[in-house]
Every structure is written in C-alpha cells, then in structure tokens.
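Enquirer: This is what each chain is made of:
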Amino acid sequence: MSSPDPGVVIIWSDSVRPSGPPVAAGSERPRVQSWNKLGQRAVLLGVPLAYLAVLLIGPLVAVLQGAFADGVGAFFAAITSANAVHALLMTLAMTAFAIVLNTVFGVAIAWTICRDRFFGRAFLGGLVDLPFAVSPVVVGLMAMLLFGSHGWFGPGLKGLGVDVLFSWPAMVLVTTFVSLPCVVREVTPVLEEIGLGEEEAARTLGASRAQTFVRVVLPNIRWGIAYGVALTAARSLGEFGGVLLVSGGLAGKTETATLLIYRELEERHDATAHAMAVVLACASILILVAMEVLKHRRDHELRQSGSKS
Amino acid sequence: MTTTGIQPVDMHPPVNDRRVRRGRSGGLGRGGGIGLGLATAYLSIVVLLPLALLVSKAFDDGAGAFWDAITTPEAWAALKLTMLTGIGVAAVNAIMGTLIAWVLVRDQFPGKRALDTLIDLPFALPTIVAGIVIVALYGPSSPFGIDLAYKVSGVFFALLFVTLPFVVRTVQPVLLETDVAYEEAAVTLGATPWVAFRKVTLPALWPGIRTGTLLSFARALGEFGSIVIVSGNIPRRTLTAAVLIYGEIESGHPEVAAAVSTVLLGVAFGSIVIVEALQRRARHELA
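Chains as they are written, first to last, in the working numbering: chain Z, 64 to 372; chain W, 94 to 380.
With the rest of the complex left out, here is chain W:
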C-alpha cells in the first residue's frame, strides 16, 4: 500500500509519536519503585494467588483425576455446549457488531445518539436482570409467542445480549478514523460498493473485529447470571460450564468445580493472550 509513496495516514488511527519518547524514561525512581511494588503486590494478592490455588486444587489428585472430572458425561456436555455456543455467539457478533458499528458511524437516522448510548446497556445491566427480562419477553408468557426458556436457543440469545457491545465498541473507533475518501475513490475507479468495502475498509477494521470477537468469546464462556435464569439448567442439555461449576460447589465437589474452572480459565486466558499479542503486533506494524 505504501509503494505509491503516499502514506495513507487517514486510514489508521493516528500513531502516537510520544510513545517513542516514553522509552527513554528508563530507571525507576524511589517513588517508581513503591508504585511498582504496590501494583505488583496488589495484582499478586488479588489475581495471581487465587489463580495458582485454583489450578493446584484442580490437579490435587493428579492429572488422571483432573481428566476424569472433566470427562464425566455432564461436565463434558456442559463444556461442549459452552464452547460451541461461545464460538457461535462470537461469529454472530463479528458480523452483526461490524454492521451495527457501520450504521452508527456512517448512516444518519433519528435516534442515532440514543441508540449509540444504549449499545452499552448489556455492560451496565446486571446479568440476572438481563435473564429476568429475557424470560419475560421471550419466555413461556412471551407477548410475541416466542419461547426460548429452558432451550439452547435461550442460552444463545442471552449470550448474544450480554456480549453485544464488544465488537461494536472495538470497531466503531477505527471506523470513525477511516476516511470515506478511499472508499469513494475505489467506487469511482469502478469497484462495486461491496468490493470497495471488502478491499479497502475491511482490512482497516479487521484488527478491531478480531479483538472484539475474541473478547466476546471469552465473556460468553463465563456468563452465569443470565444463563442460570434462562436455561433451566437441564444436565446434558442446557447446563453450561459456569452453572455446572456452581452446582458442583453447592453439592460439595470443589475439586470437580476446580477442574472445569481450570479448563474454562485456560481457554478464556488463551484468547485474551491472543488478543494482547495481536494488538501489540498491530501497533508494531503501525509504528
């Protein structure tokens, strides 16, 4: 793209040139040492220690016991359901989230700003309230005659609700920064609007879509509050991993709960690590 000699500056978020300067401020002052100590200590106590404990609990009785715990029919079905719905929800989010961000940035219609604010509602609304609302609206007494309660489709719908903002909010800022002129140039040169979108705009949006999709996947894996209300928690059918963990703790099997938690955590943390790595690479490419 840069072979023309013209930097497509407007295509990307502005590169922060101060980032380069930051690298010079090397050595820690005395105050810096305290700040670092504080941050590290806080994160270690609040995040790292509990994590280590969880994983050690999962492997308390060896790897064999761990494997047995996650391959019981209930646990395996719950993990499978959680992963599959997570992937499905992430895929829907990737497409619909991009489309919604597109409409919010490029289109004009009455009520656009209010809608823009409302996109964050699933972040702000307590998940158990989301569950109640979904059952009220699309449950047995639905005014539309749609009953999703106690079904996998209900689980899917609840997850779509709670993960709605992720892709929208990661794509929107990038779309705001991209210049319509490039797309228009492509159309003027004979590209159809779809080709212009796919070849010109989509490459710029791609990092945002990827990040948002992975985040929504990670979020979907752990969702509990809305699922516990909507799904009915039928073992091997609508019981998700998070609800299974709750059940195992309540019935006094913390080691099974720890094993399933470790699997969930591993997958979720894996996707977060991928996000961070991708973001760093994208930033590197820009710099």
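Extracted from the complex, chain Z is given alone in its bound form:
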C-alpha cells in the first residue's frame, strides 16, 4: 500500500483519515503513544548521560579548573622547580623505554601468535593479557622479589656492581610490564584481519621472511602499531603503584611525576601536587585526542585492506 512517493501517501492518508496525524513519508513503523516514547527516550538518554556527567565530565572540569586555582604564576612555579622538571623527564624516559621495548617485542609476539601454529599458543595469548589483570602493586612486589637483596638475581647483580632495585632498571622493568599488552592487543586483530594473501604472494615471489615483514606486513599494521604506542604511552605516564615500590622515590633522583604527586600530597603541598596532576591530565587528554585520530586512520586502513582482498 505504501509508496516511496510522499505525495501519494499524503493523499491516501488524507482520504482515509482526514483528521488523523500526518504520517511521515517512508515511516512504516507503528507510531503509537508518542508521548510515552518520548518519555522512554528521555530516560534512555538521560540516565546514561547523567551517569557520565557525574563520573566523567565533572572530574574533567575539576582538573582543568584546579590548574589555575592559585593563578598562572603559582602553577608554573610549581611545575618548573628542579624536582618537578626532573620528575617529568624521568616519566618521559620511562615512557620512551616502554614504548621501544613493547613495540619491538609486541609486534614480534603478535606476529608469532597470529601466524605460527605451535604447542601452547593459546597459553601464550593468555599470558600476554596477564599484566592487565595484575595489580601494579603486585608487579612492584614481583620486581622486589626478583631483584631485592634477598631476591633471585639481587645478590648476583650486586656482586657485578649493578643496582637494579631502587634505580631506573627496575622502574623500566615495571613500566614495561604493565604496558606490555597494549601493542600486542592492537596489532593482533589487524594481522588477523588483513589475512595471509599478500604475505604469501610476497613469499611466493621470492621475498625472504624479513623482506616480507618490512615491505608487506609493516605498512599494513602501522596504524595499529601507532594506536598501540599511544596506549602504551598513556599507561606508562600514569604508572604509579609499581614504581612506588621499586623506585625508592628519591626526589630529584628516582622520582617520576606520579611519585612526586604522591609525595607532595603526603607532605601536604596540595597545590604542587595538583599542578603536576594537571600536567599529567593534559598529557593524557592529548594522547586521547591522538588516539581518536589514529583510530580513524586504522579503521580506514582496515576497510581498505578488507575491500582489497
């Protein structure tokens, strides 16, 4: 009965129900109890939005507002003190280490899990996820048990003159551990999605495994890797529980930005802590925006490779 031409519908409905409500063109859904529906929609939309306002938007506004509560001058004085600058550099260094290690090994792990068949493959996949499930404090404890003065490697390394615990190697280890799954988790689905076709073609045409990887695989997964790197950066910047235990938290030496926040709070220097918190919050918001851009690139790439094969 219905027609795609709106004119016909109007004439038809007018002749049958002259006083009825106008029927929108193309609307074949039963439009009953529109007030009731409006109420339902208000609840369906209102409840989650209110929840997000309390949980997410409020805190976001509070961070940005807290930045300049004591004026711009005080804010910059707080974050340019020698300790603060050193803490920020320390955080950057930890993040850089974690990104490099986890990108190199993360891509290797993802490729192995996706492309090779071997005994214990599923177990390896589960192992990769584990750092997400382990509390950062437990990670710190594990590092202490390994490298502490009574740990497995501690005394041996001490003999060699290498201090791991309460020094940067342990901090790198902990930061790398907690952000290990980021790259793997992002690259694995892309590898599964693009499939074997191009790789097999390259191999058939005589490319070595290394050549295939650099020329064929890498260009396909670059945005996946980039997204994973952004996640790694976010996770590493904010690492706290683990490094709190293994760093010793010496101001100006082994103190990262999050540790500085904690110490300043303990010492009742709330303004300094808040200023540093704002710096970290801005960094993570920047990463969030970068992630949004990368996500679109990656999805675009996935669609392209999907239509190619």
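None of these hints come from the bench; they were simulated from the model. Do not rely on the hints blindly, as some may be mistaken.
If you want the footprint, here are the derived chain Z segments under chain W, 3+ residues with CB under 8 Å [as the list claims (entries may be wrong)]:
| id | region |
| --- | --- |
| 1 | 107 to 118 |
| 2 | 220 to 230 |
| 3 | 332 to 345 |
| 4 | 348 to 362 |
In the DSSO-like style, the derived pairs of lysine-lysine whose C-alpha atoms are separated by at most 27 Å in a straight line are [what the hints assert, rightly or not]:
| id | chain 1 | residue 1 | chain 2 | residue 2 |
| --- | --- | --- | --- | --- |
| 5 | W | K244 | W | K173 |
| 6 | Z | K100 | W | K205 |
| 7 | Z | K221 | Z | K358 |
| 8 | Z | K358 | W | K173 |
| 9 | W | K292 | Z | K100 |
Some but not every residue of chain Z turned toward chain W, in silico, with C-beta under 8 Å [as the list claims (entries may be wrong)]:
| id | residue |
| --- | --- |
| 10 | V148 |
| 11 | H149 |
| 12 | F160 |
| 13 | I172 |
| 14 | S198 |
Glycine residues also receive a C-beta, built at the ideal position from the N, C-alpha and C atoms.
Position chain W against the provided structure of chain Z, taking the given hints into account.
Expert: Structure of chain W alone, referenced to chain Z:
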C-alpha cells in the same frame, strides 16, 4: 534461529573466512623459529618468571602459613572488601556500560563524538590523578556537598571511574554491527520495544557484556593509585587488598604481601581465563 534457512548475517560481526586458510600455514620456517623463541623468551622473563617467584614466596613456609597470612582480620577484611566492591562495580558496569554504548550507537545528540572520545579518559588518565580529582570534586571540600572521601562509597566511586570504558568498548562494536531491522521487525510483529531488545538485541550483545564485565572486575581488584588517595586506607574499613599489599611490603612483611597477591592474582587470572574461553567458544559458534 537458523531453522528458517535465512542466515541472520547482519546480526553478528562478519566471520573472517581467512581464519580458515590460516590453519594451512603449518611448519615454522627458520625465521618463524626465531620469532617464536623471541616471543616466548620475552614473555617468560618478563611475565612467567616473576609470577612463579611470587607464588613460591607465598608458599615459602607452607600452606598453613599462607592460610594464616590471608586470614588475619586485616587481610581478610581487605580481601572481602576488594571482592565485594569488585563484584558490585562489575554489576553496575554491565548495566550502565551497555546503556552508554546503546546511547552512543543508536541515539543522536549534540556532542556525541566528543563524548565517545571521552569514554576512554579513565584509561588515559593516571590513576593517582583520578584519585586527586575525585577527592577535589566529591571530597571534604566538595562544591556539591557530597563527601565520599575515606568511605567505602568513595572506593566504589573511584572503581566505577577507572573501569568505565570496559563494557562500553566491548559492547559498542557489536552494537554497531547489529542491524536495527531485526528489532524493527520484532516491534512490527507486536513486541514491545523492551521485549524486542531483550529477545533480539541482547542475545547478540551478551558475549560483549560478559567480556567487558569480567575485565572490569579484574581491573577493579588490582586498582591502587586512585584508591590510595580516596579511601584513607582505614584498616578493616576502607583498606583494599592492593593497598594492604603495599603496606605489608613497606613494613617488611613480603611473605604476607605475596600471599594476598597470590589470592588476587588467582582470582584476576581466573576471570581472564574465563574471558578467553568464552571468546573462543563464541568464535567457534560463529564459525
């Protein structure tokens, strides 16, 4: 559902037919062997070895000592609080996360894209910063007159914040793939919107909800940075297991810390294993 002879293809994420082909590429090449060795060695050193050490430390003085360590009043209360808040937070996430994903996919409103980006904020924001912000907003000097600091409700709120993205991000992609037509068909055939949702859409979303809920539970168990700021860490009241572990290490009882850690790890790893198994079964069903 398939008895009609019509495959409801649009109801589910597309099945990757290349997965089948992948199985043929059996034998490891020489390069493959190196890759496998590298991956296994890295994971063993970075993940497996520390884990083994932790568990062995927990049972250093036998199972009796382990049991004593986790049943001291403080440790038991902390474990109970952690498990109960974890379950509660997971339950709230299951419902609110699904609802938020629903709104983000199906509804239109100004600022939707910005909100979609913001959902990931709790992942990106350092947890200690989250703690500071929560205290600033809902603490003693709250502009709204709501004081959650040093209370169990504060712990609960902080956990809700840090676990917000899990269910949203696991349900959203599935919801994007499902076709509204099936729901509309159900409504046309006389189902109320709620029945249509429950009988048509929810079954498709269920695996995503389950995965997200379990992940948020595992994440809630281990949360430290925000809790240590918000909860006040009052033993037997707001002291969670992760903070207790920190305290025990600082006061020189690594074996107690190791025992409590082992319990946390066991529960968290258990839920991750369940997630993996469920995902594999879901994939199997689709294939």
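Enquirer: Test coverage of the region 220 to 230 of chain Z by chain W using CB-CB distances below 8 Å; three residues minimum.
Expert: Answer violated; 0 residues pass the 8 Å Cβ test.
Enquirer: Quick check on Z/H149 please, does its C-beta sit within 8 Å of some C-beta on chain W?
Expert: violated (18 Å)
Enquirer: Given the hint that Z/K358 pairs with W/K173, does the C-alpha gap stay at or below 27 Å?
Expert: Status violated; Cα separation ~39 Å.
Enquirer: Given the hinted pair Z/K100 and W/K205, is their Cα-Cα distance within 27 Å?
Expert: Judged against 27 Å, a Cα distance of about 21 Å means the pair holds.
Enquirer: Would the hint on Z/F160 stand, with a C-beta cut-off of 8 Å toward chain W?
Expert: violated (13 Å)
Enquirer: When the nearest CB of chain W is found for Z/I172, is that gap smaller than 8 Å?
Expert: holds (4 Å)
Enquirer: Min Cβ distance, Z/V148 to chain W: is it shorter than 8 Å?
Expert: violated (18 Å)
Enquirer: Double-check Z/S198 for me: the hint is only fine if its C-beta lies closer than 8 Å to a C-beta in chain W.
Expert: holds (3 Å)
Enquirer: Closer than 8 Å, Cβ to Cβ, for at least three residues: run that test on the region 348 to 362 of chain Z against chain W and report holds or violated.
Expert: n = 6 at 8 Å, threshold three: holds.
Enquirer: Z/K221 and Z/K358: Cα distance at most 27 Å?
Expert: violated (45 Å)
Enquirer: Just to be careful, I want the Cα atoms of W/K292 and Z/K100 compared with a cutoff of 27 Å; is the pair within it?
Expert: holds (19 Å)
Enquirer: Are W/K244 and W/K173 close enough, with their CA atoms no more than 27 Å apart?
Expert: Holds - the C-alpha atoms of W/K173 and W/K244 are around 15 Å apart, at most 27 Å.
Against the hints set out earlier in the document, violations occur for numbers 2, 7, 8, 10, 11, 12.
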